[in-house]
Amino acid sequence: MLCQGIKFLTLTAAQQQQTQQRGMATLKSISIRLKSVKNIQKITQSMKMVSAAKYNRAERDLKQAKPLGQGSKIFYEQAEVTPVEGDTNKLMVAVTSDRGLCGAVHTGISRNIRDTLLANASERENTKIVCIGEKSRAILQRLFAKNILFVATEVGRKPPTFNDAAKITIELMNSGYSFGSGKIIFNRFRSVVSYVIDELPLYSKQSVTSASKISLYDSLDNDVIQSYLEFSLASMLFYSMKEGACSEQSSRMTAMDNASKNAGEMIDSLTLTFNRTRQAVITRELIEIISGAAALE
Amino acid sequence: MATISRILRSFLKNVHLQKRFYADAPPNENQMKLTFAGANKVFYDNVIVKQVDVPSFSGSFGVLPKHVPCLAVLKPGVVTVFEEKGDVKKIFVSSGTITINQDSTIQVLAEEAHPIEALDKSACRDLLNKAQDQLSRASSEKDKAEAEIALEVTKALEQAAL
Numbered sequence: 001m002l003c004q005g006i007k008f009l010t011l012t013a014a015q016q017q018q019t020q021q022r023g024m025a026t027l028k029s030i031s032i033r034l035k036s037v038k039n040i041q042k043i044t045q046s047m048k049m050v051s052a053a054k055y056n057r058a059e060r061d062l063k064q065a066k067p068l069g070q071g072s073k074i075f076y077e078q079a080e081v082t083p084v085e086g087d088t089n090k091l092m093v094a095v096t097s098d099r100g101l102c103g104a105v106h107t108g109i110s111r112n113i114r115d116t117l118l119a120n121a122s123e124r125e126n127t128k129i130v131c132i133g134e135k136s137r138a139i140l141q142r143l144f145a146k147n148i149l150f151v152a153t154e155v156g157r158k159p160p161t162f163n164d165a166a167k168i169t170i171e172l173m174n175s176g177y178s179f180g181s182g183k184i185i186f187n188r189f190r191s192v193v194s195y196v197i198d199e200l201p202l203y204s205k206q207s208v209t210s211a212s213k214i215s216l217y218d219s220l221d222n223d224v225i226q227s228y229l230e231f232s233l234a235s236m237l238f239y240s241m242k243e244g245a246c247s248e249q250s251s252r253m254t255a256m257d258n259a260s261k262n263a264g265e266m267i268d269s270l271t272l273t274f275n276r277t278r279q280a281v282i283t284r285e286l287i288e289i290i291s292g293a294a295a296l297e
Numbered sequence: 298m299a300t301i302s303r304i305l306r307s308f309l310k311n312v313h314l315q316k317r318f319y320a321d322a323p324p325n326e327n328q329m330k331l332t333f334a335g336a337n338k339v340f341y342d343n344v345i346v347k348q349v350d351v352p353s354f355s356g357s358f359g360v361l362p363k364h365v366p367c368l369a370v371l372k373p374g375v376v377t378v379f380e381e382k383g384d385v386k387k388i389f390v391s392s393g394t395i396t397i398n399q400d401s402t403i404q405v406l407a408e409e410a411h412p413i414e415a416l417d418k419s420a421c422r423d424l425l426n427k428a429q430d431q432l433s434r435a436s437s438e439k440d441k442a443e444a445e446i447a448l449e450v451t452k453a454l455e456q457a458a459l
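Line order of the protein sequences matches chains A and B.
Per the working numbering, residue 1 is the first one in the first sequence, and the count goes up by one each step.
Per the working numbering, residue 298 is the first one in the second sequence, and the count goes up by one each step.
Derived from the structure by calculation, the hints contain no laboratory data.
Cβ coordinates follow ideal geometry from the N, Cα and C atoms, glycine included.
Some hints here could point you the wrong way.
[Said to hold, decoys possible] Derived pair list, reagent style DSS-like, types lysine-lysine, alpha-carbon separation capped at 27 Å:
id: 1; chain 1: B; residue 1: K439; chain 2: A; residue 2: K66
id: 2; chain 1: A; residue 1: K158; chain 2: A; residue 2: K205
id: 3; chain 1: B; residue 1: K347; chain 2: A; residue 2: K63
id: 4; chain 1: B; residue 1: K338; chain 2: A; residue 2: K66
id: 5; chain 1: B; residue 1: K441; chain 2: A; residue 2: K63
id: 6; chain 1: B; residue 1: K338; chain 2: A; residue 2: K167
[As the list claims (entries may be wrong)] Label pairs and their in silico Cβ distance ranges:
id: 7; chain 1: A; residue 1: V192; chain 2: B; residue 2: E381; range: 33 to 43 Å
id: 8; chain 1: B; residue 1: I345; chain 2: A; residue 2: S175; range: 35 to 45 Å
id: 9; chain 1: B; residue 1: A420; chain 2: A; residue 2: L118; range: 20 to 30 Å
id: 10; chain 1: B; residue 1: E443; chain 2: A; residue 2: S175; range: 45 to 55 Å
[Said to hold, decoys possible] Footprint (simulated), chain A over chain B, 3 or more residues, beta carbon under 8 Å:
id: 11; region: 357–370
id: 12; region: 374–385
id: 13; region: 425–434
id: 14; region: 445–451
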């Protein structure tokens, strides 16, 4: 019992010493944290500036690319192309990029794919995924590693070009995977603060040739349809990549703006604690000096 | 009572049927809407035009309103657009597609498109020489095919340049 009491006493003493030491140490650690938060704020602020500039360009580019994407979709609507029945092979193209720190742009796309695939076991079996950008790969690989057909990397550093889209198209053609139907999933840009997940349909040659209104179209041969499909796939990819890039930049801009704001709040509260602690330390030192002097008298 | 209401209803139905509405402006069958976009630039976005001449792999052809629906693949060459006001615009395209739909809308989508005023003859000739050089040095099948395409495009480019 006594032993325990002594132990308890020493323990509290040690604790007191610790808090005393911590009082000094806190000042130091607070100033370190303050400095690091200030640095983070600087970084987020400059990132916001950069993405604002990139966003401006992306939006300008998007305006030019819009008719291209919309135009290539019109034929499928006019000819009433529908997926071939019986061909269960599907393709999903996730349009994301390599870069993070942009809100839920990439996770939204990946979640959309994940939900569709998890909802239906047979689709999970027959669907292949093409990931454009590392981010979608990182998320989808955990669950659907064997569904991923290929991954396009180095996306997002520079604005997407038609060549990038053409490369992906060529890779898709060369992969040898034949799909009955498919879709490109991308973020459609609406305004600086909003984007929605949208889809563009993809069709195989067979579904185009068996479309209900295809007989209206004149002078069709195999080569023409094949080239037409390849080109329209490339232009739809190009358009969706442009939309994705624009949404990503705008979303990054908002995210970085928020981060700067939060960092500012943190800086305020840290400064307050810092000053308070400093004051406390000074007061304590004064008390120590005065009481020391008083003890000598 | 029932008969009265029945008569009344049939009467009302007639009234309803006879009621006329203003029709929407009839879609002009003789108009043709063109969407012409390159990956780099948009030239026309649903603009009414008189005629479009396009070079395609199945031969060059002109498109007038009420053209039969058609799909075609663009060949490197000059697309000529006759605008509604009578202006004629010539635009060089490298490759792409043409879609002519039933509702007289046309989509000309090109990989790369530039007005021919923007082309420089001597620069085009340089490119042509370079392409010829490339073809003569090409060894593998793939290189050869690429060089042939480059040659075809630059030839068309050289011809198109003023």
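Here is how each hint holds up against the structure:
1. K439(B) / K66(A): Not OK: K439(B) and K66(A) at ~33 Å, beyond 27 Å, violated.
2. K158(A) / K205(A): Cα-Cα ~32 Å, so violated.
3. K347(B) / K63(A): Distance of about 25 Å is within 27 Å: holds.
4. K338(B) / K66(A): Roughly 10 Å separates the two Cα atoms, so the pair holds.
5. K441(B) / K63(A): violated, 37 Å
6. K338(B) / K167(A): holds, 20 Å
7. V192(A) / E381(B): 33 to 43 Å: holds, 36 Å
8. I345(B) / S175(A): 35 to 45 Å: Roughly 42 Å apart at Cβ, these two residues keep to the hinted range, so it holds.
9. A420(B) / L118(A): 20 to 30 Å: violated, 55 Å
10. E443(B) / S175(A): 45 to 55 Å: violated, 21 Å
11. 357–370: Held - the region 357–370 of chain B has 6 residues with a Cβ nearer than 8 Å to chain A, which meets the minimum of three.
12. 374–385: The restraint on the region 374–385 of chain B is violated, since only 0 of its residues have a Cβ under 8 Å from chain A and three are required.
13. 425–434: Contact hint for the region 425–434 of chain B vs chain A: violated, 0 residues under 8 Å.
14. 445–451: violated (count 0)
In this structure, the hints that do not hold are numbers 1, 2, 5, 9, 10, 12, 13, 14, in rising order.
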